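S.K.: The residues making up each chain are set out below.
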Amino acid sequence: MDGAHDMGGVAGFGPVRPEPDEPVFHAEWERRAFALTLAMATPGGWNIDMSRFARENRPAADYLARSYYQIWLAGIERLMAERHLVEADEIAAGKMLRPARPVAKILKAADVPVTLGRGGPTERAATTPALFAVGDRVRAKDMHPPTHTRLPRYVRGHVGRIEALRGVHVFPDSNAHGHGENPQWLYTVSFSGADLWADAPDPLLEVTVDAFEPYLERA
Amino acid sequence: MTDHDHHHDHHHDHSDLSETELRVRALETILTEKGYIDPAALDVLIETYESKVGPRNGARVVARAWTDPAFRARLLADATPAIGELGYAGRQGEHIVAIENTPELHNMVVCTLCSCYPWPVLGLPPVWYKSAPYRAKAVKDPRGVLQDFGFALAPTTKIRVWDSTAEIRYFVLPMRPEGTEGWSEDQLAELVTRDSMIGTGLPKRPAEVTR
Chain A
1 MDGAHDMGGV AGFGPVRPEP DEPVFHAEWE RRAFALTLAM ATPGGWNIDM
51 SRFARENRPA ADYLARSYYQ IWLAGIERLM AERHLVEADE IAAGKMLRPA
101 RPVAKILKAA DVPVTLGRGG PTERAATTPA LFAVGDRVRA KDMHPPTHTR
151 LPRYVRGHVG RIEALRGVHV FPDSNAHGHG ENPQWLYTVS FSGADLWADA
201 PDPLLEVTVD AFEPYLERA
Chain B
220 MTDHDHHHDH HHDHSDLSET ELRVRALETI LTEKGYIDPA ALDVLIETYE
270 SKVGPRNGAR VVARAWTDPA FRARLLADAT PAIGELGYAG RQGEHIVAIE
320 NTPELHNMVV CTLCSCYPWP VLGLPPVWYK SAPYRAKAVK DPRGVLQDFG
370 FALAPTTKIR VWDSTAEIRY FVLPMRPEGT EGWSEDQLAE LVTRDSMIGT
420 GLPKRPAEVT R
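So the sequence lines, in the order shown, correspond to chains A and B.
The working numbering applies: residue 1 is where the first sequence begins, and numbers increase by one.
The working numbering applies: residue 220 is where the second sequence begins, and numbers increase by one.
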């Protein structure tokens, strides 16, 4: 979706403000919101692409008004409500109003190291040859799906060069919406800064994105 | 979304504490009551990323690469198993690619769409990395970003910005500072800053640390 989360090249946000000696978390609630989000993926059964879409799929003003972990919080609240695990009235009441729904599994403390260590690899076996090779010229499609996608707006319609093949990976555009993993070839595609940003060209700038094969066409 | 109807006049991450705090507490209570979470698991998750997994891991990888050419070659060829040799692996680092800075080319990593970051080597991302200014500016004006961080790149140095739009996680191998000949891996690791592995900074100079 063309949402506020897709920020590459957007003007008006001002300078980057690094924080010296920044702590990992800035408040206790951030610690808990972070950990709740990781832990709830086990009983919730959603995948990372569903989580990303639940965070980004909101009005721009809403997205921009929330801090990072507030967006995470809004994301799990939505994912849980969609599955009737916890609903808004329960959060407002501060207590359980309906019995728990059966869940297949929960994340136990003893399982955390193994679960984190395993992570969620997205590479899958190739079943078709790659359409493009290193050095090929490709155009990022000018596409604007209302659903989840990982092709940022600032490269759409621009011609780049295949820089590397990264194997076949779970396709977020399908996986975010429960349509299966639908694995696709993934490429690193480089674009010249002068082409992307004709108003402020830096001839020595190159930008790469990782683009799935369905995002690209031969140029 | 009743918790966000009021106005924000500054760039938050410190706003709405009490209201958000109450909401998170309510959620934790309900999830515990329903048996969906093991509260002890939350503590382990927090402890992991607050005390165990962080940029010191990445610094060890860089220092190893600076002192062991065979390791450096393995790291640049296929970073995930090379990093695994030091015991770092897992969530948000399933597919890591190391990219090398040279006198001619400076690399910078961003995630314009969210906050993708190589957790096993760098830990959780800092607020600025996840913020709108960085995500907006890095792909268009990375030299301006470097100025925000207080350093200027030679105008003749090429700059390549890697937007982490899929599940590949990028990790910058900075250049070894001059004047460190004969330093041990441990000493070199002290020079490696988090920002130098994102590409928004450089390693410390020898004079900045006490040997």
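Note that these hints are calculated values from the structure, not bench results.
Any given hint could be a false lead.
Said to hold, decoys possible - Okay, the calculated beta carbon distance ranges per label pair:
no., chain 1, residue 1, chain 2, residue 2, range
1, B, M394, A, V134, 22 to 30 angstroms
2, B, G369, A, M96, 49 to 57 angstroms
3, B, K377, A, A110, 36 to 44 angstroms
4, A, A104, B, K271, 36 to 44 angstroms
Unchecked claim - Below, a list of computed lysine to aspartate or glutamate pairs in the EDC-like style, where the Cα atoms sit at most 20 angstroms apart:
no., chain 1, residue 1, chain 2, residue 2
5, A, K95, B, E319
6, A, K108, B, D262
7, B, K349, A, D2
8, B, K271, A, D111
From a predicted model like this one, the values you see are computed outputs, not experimental measurements.
Cβ atoms here follow ideal geometry from the backbone N, Cα and C, with glycine treated the same way.
S.K.: Per the hint of 36 to 44 angstroms, is the separation of the Cβ atoms of K377 (chain B) and A110 (chain A) within bounds?
M.R.: violated (49 angstroms)
S.K.: K108 (chain A) and D262 (chain B) were given as a pair; does the straight-line alpha-carbon distance stay at or below 20 angstroms?
M.R.: Cα-Cα ~11 angstroms, so holds.
S.K.: Between the beta carbons of G369 (chain B) and M96 (chain A), is the distance compatible with 49 to 57 angstroms?
M.R.: holds (50 angstroms)
S.K.: Is 36 to 44 angstroms respected by the C-beta to C-beta distance linking A104 (chain A) and K271 (chain B)?
M.R.: The hint (36 to 44 angstroms, Cβ to Cβ) is violated, given that A104 (chain A) and K271 (chain B) are roughly 28 angstroms apart.
S.K.: CA of K95 (chain A) to CA of E319 (chain B), is that 20 angstroms or under?
M.R.: violated (52 angstroms)
S.K.: Just to be sure I understand the hint, the distance between the Cβ atoms of M394 (chain B) and V134 (chain A) should be within 22 to 30 angstroms; is that true here?
M.R.: At 25 angstroms between Cβs, range holds.
S.K.: K271 (chain B) and D111 (chain A) were given as a pair; does the straight-line alpha-carbon distance stay at or below 20 angstroms?
M.R.: Distance ~16 angstroms between K271 (chain B) and D111 (chain A) Cα, so the pair holds.
S.K.: Take a quick look at whether K349 (chain B) and D2 (chain A) sit within 20 angstroms of each other, Cα to Cα.
M.R.: holds (18 angstroms)
The structure shown violates the earlier hints numbered 3, 4, 5.
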